[in-house]
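Got chain E; can you put chain Z on it based on the hints?
Protein sequence lines correspond, in order, to chains E and Z.
The numbering of the first sequence is our numbering, which starts it at 1 and goes up by one.
The numbering of the second sequence is our numbering, which starts it at 1 and goes up by one.
You may find that some hints are simply not true.
Said to hold, decoys possible - One-sided excerpt, in silico: chain E residues whose CB lies under 10 Å from chain Z:
| id | residue |
| --- | --- |
| 1 | P50 |
| 2 | P61 |
| 3 | E166 |
What the hints assert, rightly or not - A few chain Z residues that face chain E, going by a derived Cβ cut-off under 7 Å, partial list only:
| id | residue |
| --- | --- |
| 4 | L97 |
| 5 | T99 |
| 6 | V104 |
| 7 | S106 |
| 8 | H136 |
Hint data in this document are derived by calculation from the structure and do not stem from the laboratory.
Ideal placement from N, C-alpha and C gives every residue a C-beta, glycine not left out.
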Amino acid sequence: MKAETALATVSLDVLRPERLSAAGVLRADGVVELDLGAGGPVEVDAPLLPNLLADNLYLGPRPLPRVTGVLRCEREALDLLLDEPAQLDALLAVAFGLDLDLDSAAALGELAAASVLHWRLRCAWGTDRSRTCEIVDAGPAGAWRVATLTDELGGGILLAPVTTTEIWRRLSAALPAGADLGDG
Amino acid sequence: MRLVEHAALGFALQVPDAWQTTELPEGLVAGSEEMPDDLSLPPGFAVSLAGFGDGDHDAASLSEQGLLEETRWLTDLRLLDSEDTELASGLPARRTLATYRQGVSSLTLEQWHAVHRGRALVISATGPTQDYAALHDVWHAMAASLRLGDEG
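Isolated chain Z, as found in the complex:
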C-alpha cells in the first residue's frame, strides 16, 4: 500500500501499490487495471468530497439518497447490508453493501457516506462479486486509512 494525498480537498488514504490513481476536482479515483476473469469491471475505489444540494443531511440520509439514485441506473440493485460505523477520527458514517447485475456479471458495490465539515463524503467501491472475498479486506483497509485534514 502507498499513501496518496488530495491536497486541494485535504484528505489522504492508502491504496494498493499496483493500483492507478486519478485526482479529480471533487475527489480521487483508484483502481486496478487488471481485468477480472468475467471481463466485467476492474475493481475501483473512489472518494469524493462535495457540497450538498439543498437541505441538511446526515450520514444515513446521504446513504439513502445515494441508493435511491443508484436504483435508477443499476440493474437489479439489491441492498445486502447497512450499518452505522465510523471513519477516520470517529466520523460517523453509514456503510452499505449492495449488488447489481451487468450483463452476465455480478458486481458488488460497497459505500460509506458521511458528513465532513458541511460536505458530503462518499467512498464508493465496486468490483466483481466473484472477487469480493479478497476485495472486502482491501476496501476496508483503504476506508480505514482515510485521513481528513482540517482544511479543504
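The following block holds chain E by itself, in its conformation from the complex:
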C-alpha cells in the first residue's frame, strides 16, 4: 500500500444491536480506506463511500414516525428506551415530561419495541472540523436522527424522525469537499 497523506478521518460506529467500530481515512489520492473488521481494510473511491455505507447499513425506504416537533432528552434516556423497553411508561414521564403528546409517545413506544440498527458516522478534518450523522434505524417503525447538544446548548440530545432521503443527503456530504479542505 502506498503511503498517502490522510485528508480526513472516517469513523463508523455501530452502537446497536452489537457494538462495532470501523476506522478509516480519506487519502490524498481520493480513496477512502475503511477497516470494516472482516477481511481487512476496504478501499473505495471517495464518491462511492455513501454506496458502501448504504449497503452495510441496509438503507432503504422507512415510514416517517409521527412526532410533533423535535424531542429533547438525556442520552441515558435514549439508552434506556432502546435497552429497557419494559420501563417505557416510567421513562417517558421522567425523560420527556408531561408535555409529550400522544402521537410522540406512541412513536417512541414503537421505537422502544423495535429491533434497531443504531449507528454513527463521523468525518473529521483540519484541526477542529467534523460532520456527524447518528441514526437509530428501527426499520418498519421508522428512523430517527440523534443530534448531540453541546454543553453551551444545555447538553443532552435531540431526537427527530428522519427520512432516508435526509440520511442520504447527510451521507453524500459527509466527507469534506475541496472547499472544506481549502482548495476552493
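Chain Z alone, transformed into the frame defined by chain E:
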C-alpha cells in the same frame, strides 16, 4: 430560476438560470453543462408525459415498473426512499430516491411518477451523489414548480 414551457404537452416549470433546456416530443430535458468533480454526469432533470402501454396504472405501479426497468441497465441500483406525495394541483405522485454506480462514481436518481389525464407523467433527476445535498433543493423546487395545463 426561469420559467420554461412545453406548449405542445401543456406543462411549465422553473429551471435554474444557468441550465440548458431541450424540448422533445415527449417532454423536456434540463441540465447543467458544468462537469462535476468526479467527471461522472452533469446534473440533469427530465419531465416526460407519454401514453401508457397496455393496462391501467396509478402512480405507485408506474414507479414500480420504472424501477424494475432501471435495475436492468443501471449498475447496483439501490432503492433508498419511497413516499406518496403530491405534485402540482394536488396530483398524487410517488417519489423515489435511488442510487447506482457508474465506474468509480456514484449517481443519485430521484423520480416522481404520476398519472395525468390518462398519461404517464415522469420526472427524473440524476446527478453525482457527492452533490446531492445541494441538488436535492434544486430538484424539489423544480418538481414543486411544475404546472400542468388542461390541454395537451
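Each hint, compared with the structure:
1. P50: holds, 5 Å
2. P61: Holds. Min distance 4 Å.
3. E166: holds, 9 Å
4. L97: holds, 5 Å
5. T99: With Cβ-Cβ at 6 Å, under 7 Å, it holds.
6. V104: Z/V104 check passes; min Cβ-Cβ to chain E is 4 Å, inside 7 Å.
7. S106: holds, 5 Å
8. H136: Since the shortest Cβ distance to chain E is 6 Å, the answer is holds.
Of the numbered hints stated above, none is contradicted by the structure.
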